[in-house]
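Engineer: Start from chain A and add chain B according to the hints.
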Amino acid sequence: GAVVSQHPSRVICKSGTSVKIECRSLDFQATTMFWYRQFPKQSLMLMATSNEGSKATYEQGVEKDKFLINHTSLTLSTLTVTSAHPEDSSFYICSASSLVYEQYFGPGTRLTVT
Amino acid sequence: QKEVEQDPGPLSVPEGAIVSLNCTYSNSAFQYFMWYRQYSRKGPELLMYTYSSGNKEDGRFTAQVDKSSKYISLFIRDSQPSDSATYLCAMSARETSGSRLTFGEGTQLTVNP
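Going down the list, the sequences are from chains A and B.
Mind the numbering: the first sequence is residues 1 to 114 in the numbering used here, read in order.
Mind the numbering: the second sequence is residues 1 to 113 in the numbering used here, read in order.
This is chain A alone, in the form it adopts within the complex (with noise of 0.2 angstroms):
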């Protein structure tokens, strides 16, 4: 059990666009989900945490203007990355957890932007 998907696996985009990513817990109820950011050859940074049907939670210096995180279900949130520039270029990760459950983390998503 806990299984963790993202969807895209990856995506590239033009500057000033718009990227939605979405993170869905397959078997379990998550309360809370995580968003991180990771670059190369370096390890996780937490951007924000969402709990079902509240607002987000962002980590200092993580603009939520152009990260907009929705956790609308105990099955899915979603990322939005707006107005996207070259430097969002990132491995981004979401995690799940429940009372039962401890962090699981969804494959990624590899988000080019040109």
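Rather than coming from a laboratory, the hints here were simulated on the basis of the structure.
Note that this is a predicted model, so its numbers are computed, not measured.
Do not take every clue at face value.
[Claimed, not checked] Within a straight-line C-alpha distance of at most 27 angstroms, the following computed DSS-like cross-link-like pairs (lysine-lysine) qualify:
#1 B/K2 / B/K70
#2 A/K41 / B/K70
#3 A/K64 / A/K14
#4 B/K42 / A/K20
#5 B/K42 / A/K66
#6 B/K2 / A/K64
#7 B/K42 / A/K41
#8 B/K42 / A/K64
#9 A/K14 / B/K42
#10 A/K64 / A/K20
#11 B/K2 / A/K41
Structural biologist: Quick look at chain B alone, frame taken from chain A:
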């Protein structure tokens, strides 16, 4: 000073070797300790989860926590080429359901056939 320190490696060992991976931490509030394995361009996969001090064994993997020294270890016995990955330690002050994790930098391991 980082809350969690982990030697990034890279670490290269021959197949069959015993691998020792370690993390130190400074926050005495950490109670829950995890090891994740991350293959290139994939999400981290939970390997071991321990609470407080002690040992936990799962197949070829053994996790050790020494809270008095603020030191955690992951041992891999009879290492295989398929163990080649980046290993991340992570820890939390509260039960991880809903709690943020603090990660080490990750240690890149290569097991050579």
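Engineer: Would you mind marking each hint as holding or not holding in the structure?
Structural biologist: Here is what the structure says about each hint:
In summary, the hint linking B/K2 to B/K70 is supported, as the alpha carbons are separated by about 13 angstroms, within the 27 angstroms threshold. The hinted pair formed by A/K41 and B/K70 meets the criterion: a straight-line CA distance of about 25 angstroms does not exceed 27 angstroms. The suggested pairing of A/K64 with A/K14 holds, with an alpha-carbon distance near 21 angstroms, which does not exceed 27 angstroms. Restraint check for B/K42 and A/K20: the C-alpha separation of about 19 angstroms stays at or below 27 angstroms, so the hint holds.
Restraint check for B/K42 and A/K66: the C-alpha separation of about 24 angstroms stays at or below 27 angstroms, so the hint holds. For the given pair, B/K2 sits about 25 angstroms from A/K64 by alpha-carbon distance, which is consistent with the 27 angstroms threshold. With a C-alpha separation of about 12 angstroms, the suggested pairing of B/K42 with A/K41 holds against the 27 angstroms cut-off. A hinted pair counts as satisfied when its Cα atoms are at most 27 angstroms apart, and B/K42 with A/K64 qualifies at roughly 25 angstroms.
Restraint check: the Cα-Cα separation between A/K14 and B/K42 comes to about 24 angstroms, which is no more than 27 angstroms; the hinted pair holds. A distance of roughly 14 angstroms separates the Cα atoms of A/K64 and A/K20; the hinted pair therefore holds under the 27 angstroms criterion. For the given pair, B/K2 sits about 17 angstroms from A/K41 by alpha-carbon distance, which is consistent with the 27 angstroms threshold.
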